[in-house]
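Quick mapping for you: the protein sequence lines, in order, are chains A and B.
Residue numbers for the first sequence follow the numbering used here, so the first one is 1 and each next one is one higher.
Residue numbers for the second sequence follow the numbering used here, so the first one is 1001 and each next one is one higher.
Bear in mind the hints are in silico, worked out from the structure with no lab data behind them.
Bear in mind that the values here come from a model prediction, so they are computed numbers and not experimental data.
It cannot be assumed that every hint is accurate.
[As the list claims (entries may be wrong)] Straight-line distance between alpha carbons at most 16 Å, and here's what the computed EDC-like set of lysine to aspartate or glutamate pairs gives:
#1 A/K315 - A/E481
#2 A/K404 - B/E1163
#3 B/K1159 - A/D98
#4 A/K651 - B/D1243
#5 A/K530 - A/E582
#6 A/K399 - A/E307
#7 A/K349 - B/E1163
#8 B/K1159 - A/D177
#9 A/K651 - B/E1163
#10 A/K618 - A/E595
#11 A/K46 - A/D177
#12 A/K404 - B/D1059
#13 B/K1159 - A/E101
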Amino acid sequence: MKTYRITFFLSAILFSGMLKAQIIFPQPLSQRVAGYNISVKLDVDKKVLDGNEILHWKNYSQDEVKELQFHLYLNAFKNTNSTFIKESGGQLRRIGFDTKEEKSWGYIDILSMKRSGGENLTNKIKFIQPDDNNKDDQTVISISLGKPVRPNEEIQLEINFKSKLPRVFARTGFAGDYFLVGQWFPKIGVYEYPGIRYAEKGQWNCHQFHSNSEFYADFAVYDVNITLPSKYIVGAVGTLQSKTNNSDGTSTHHYRAEDVIDFAWTASPYFKVVNDQWQNVKIKLMLQPEHFDQAERHIRALKSSLEYFDQNLGKYPYTTITVVDPPLIGMGSLGMEYPTFITSGTLWKLPEGIRIPEIVTVHEFGHNYFMAMLATNEFEEAFLDEGFNQYYETRIMDKYYGDKNSLVDICGYHAGDFEYTRQGYVGMKNPKLAEIYRKTWEYTAGGYGSFTYDKTAVMLKTLEGLVTLPTMNEIMKTYFERWKFKHPCVKDFIAIVNEVVIKNHGRKFGDNMNWFFDEVLYGSDVCDYKLASISNQEVNGPMGIYDSAGVKKTFKQIENGKSHYKSEVVVYRMGEVKLLVEVLIHFENGKEILEKWNGQARTAEFKYEGQSKVVWAKVDPENKIPLDVNLVNNSLTTEPESGVFVKYATKFLFWMENVMLTFSMLF
Amino acid sequence: MKLLNVYTEGFKKTFGSLKIVTIIYGITLLIGIIFSSSFNSIMTDNFSSRNMLYMLFRDFDFTVYSDFMNNYGDIINSFTSIMIWFGMFYFFFSVFFAGGILKFFEGSTIKSKTQNFFAGSSKFFFRFLRLGIYVLLIQLIIFGIIALIFSAIFNNASKNSAEPALFTILMIWLAIHIIFFIFLSIVSDYAKIILVKEDSKKVWRALWGSFKFTLKKLYLTYPLYIILSIVPAVLFILYFWLDSAIGMHSGLTILLMFLIQQIFIWVRLFAKVWILGSQYEFFNNHLAERTKPLLTQEILMNEEM
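All chains, full assembly: derive it from the sequences and hints.
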């Protein structure tokens, strides 16, 4: 009996352990620096989370780490003196923060912090401001350790915390009964040491929460128990392990996620859930009831993304993906990404020709590759995530929905996703305002979105045009495979570009491609090539008296009576960015010549002599250089047509008459 | 049947004033042509050699359009401003012609229809201008009150409601604006008719009389206006359908669409005059049923006091 009892007891422990933590990846995908075991209870009326966190953190560096640094992101919404509110003016993506109601504010308090072994760290917590010395900002804390964490040693902390969720306007918070809970727990920063990004010595990389920044964290295992009223439907990062109904009318949802850098979740009593699958990936779509008829649009976009990334970049290793559709009142949480968990966004009865849900779904899913698996530093090099992802978003949308109508196609007006992305950069009042390579909080004069998303995507598209698509695909695949789960920086990407380009193209572009990134990534100048002039001078051939072998010959006119032309095509470099350009010259007899110019000098002249004149010419005929800010001046013809102007003049006439008649309706 | 007779008589009156309608249309077209030909000239002089723009002839192209607007959009913006300014000028133009149209309906000893028309336009211009300004002010005040009420309702609802409910509030808001706008337009039309019929300069009295009349006969005055107003709305829908079906990508299709556009404008003008003609006829019928005109009745009331 005793043996039986012991055996049973040991079996129960083993079995409950298995129930408690079902391993997802037997072989870890990443160096799991941290482990979070979090139990949290949500008070849906007070919008407060009571949480207990057991954090394991391993020191993989060669340093003795004497302090820990954490992000307390929710303190960005504590008052108007936080760095986030000061920089943003109390809005994000044009959604304002309602400061009149006390309930709108948010914060996170650490109630206690203890180290295993007994050291009480609670009183050692101090707020620091490594970026701007704003003493009122409480989004980063530092804790001095009595006993340092030695190399390869692991520290365990038990943290009790309380988080008050803000009314959602910047990704996280509540709106009525809807909750999108992001950045809600004390999250340890990234300790960078030589070999990681630019680190020459070991130090914490733990920035304050800025208006333009997103996040940066290490890979971890998350084991999270979420308790809230049973009527709430929950979705989260990772895989649902179990759901337990408690006797007090609440339910506890147990989630586990491995090799991820963040954990977010959502809850609402009103979600309508659609389950689907793509290969081995389980899809969970959580829609608002009024958007339920758009389920297919979301699913199609998601599956297109899964397929495209799988074929062109790399395998999606996770077994789940959850897509959350926020309600209108919770729109501040739309369009956001967490590992295996994204928020989309749409409007009631949105026509099929306006592809907002598709674009947002494709974009946010793509972040799983750049934000989640490559896990670049979104504070210092946001473009490595946003811009690279934007580039892929345009590739996917244009492929599956048409490159001239993937964004919108309604009432005869249409635009493609890449076209619109390019416009986001070239359409700036001042496209020289800043560089792509800039820390997010340093875009003080604006332009964060245009440079981080749009110009970066256009830069990559231009690189693709220069090196060809197969080489570009090889570059991106190599970058992803070599650097996933390793926090690369842009110099790592450039090194791969140089490696692959040289392998495929030799020295065609020089010793390396650094010149390209110097111009476009690190520089702020613009690219603009202009087809300046075409001239055709009819010549009669040599006339007069010429000596030939001691004999004088007289030339009176062209011998065979045919016209003979001296033609010249002039191209200007209007911008400061110098790129290899092609110029297509078209002659009257149908012949075409494709000239290649290194684009260095201010002008290039192409001269021809023959019986056919130049009719038209075009710089960059295959649109390989979308960075060019003015494509209208890229071409010129000697045979102008007026049809297009008559068309628009006719339209102008009609609309002018209508405007006048409409004003007459006022009387 | 009553309304049908009114429409028929109104149509006859309008048809009888075809020359006048065509004059107004001609002036509208002339103003439009002056500016559109300037537009064409500037564009041709500056851009006819830029063959990338030819892509816009075949179909709308977002890249070409947006690059053009980024780099040369000031040209278009200046024409857009001109369009708006001339729209406002056209308001005064329509005030001027309204008197002529009603005087034409009234009939005159002047044999020449055109002379009668311009004589009426000149005579009633300042009275109608005052009327137009008063009505505009009333429209703005009512618009402001409705906007205040509904924006408060909407803001409150947006904190908790889903889109269908918010959309419903917006639609009700819009509907109320339209209802009041149409009502005041009808009041303005009958005020014009009263001013012409009585040859009166008392604009506020005419407005008040018109308001009472419109309200009293709302079951007829409102549908009379609405039914004919549907004509331009239907035309717009038809135009967009034709535009997408035919397009403007060749000389022939440009010419065809130009003709369709001008027919549309002409019919829109005709419909506007037809509404006025029908209202005039309706008011005349009402007077025929009464023994005395509205203003005369008020004078009698004052004498009794």
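*Which of the stated hints cannot be reconciled with the structure, identified by number in ascending sequence?*
2, 9
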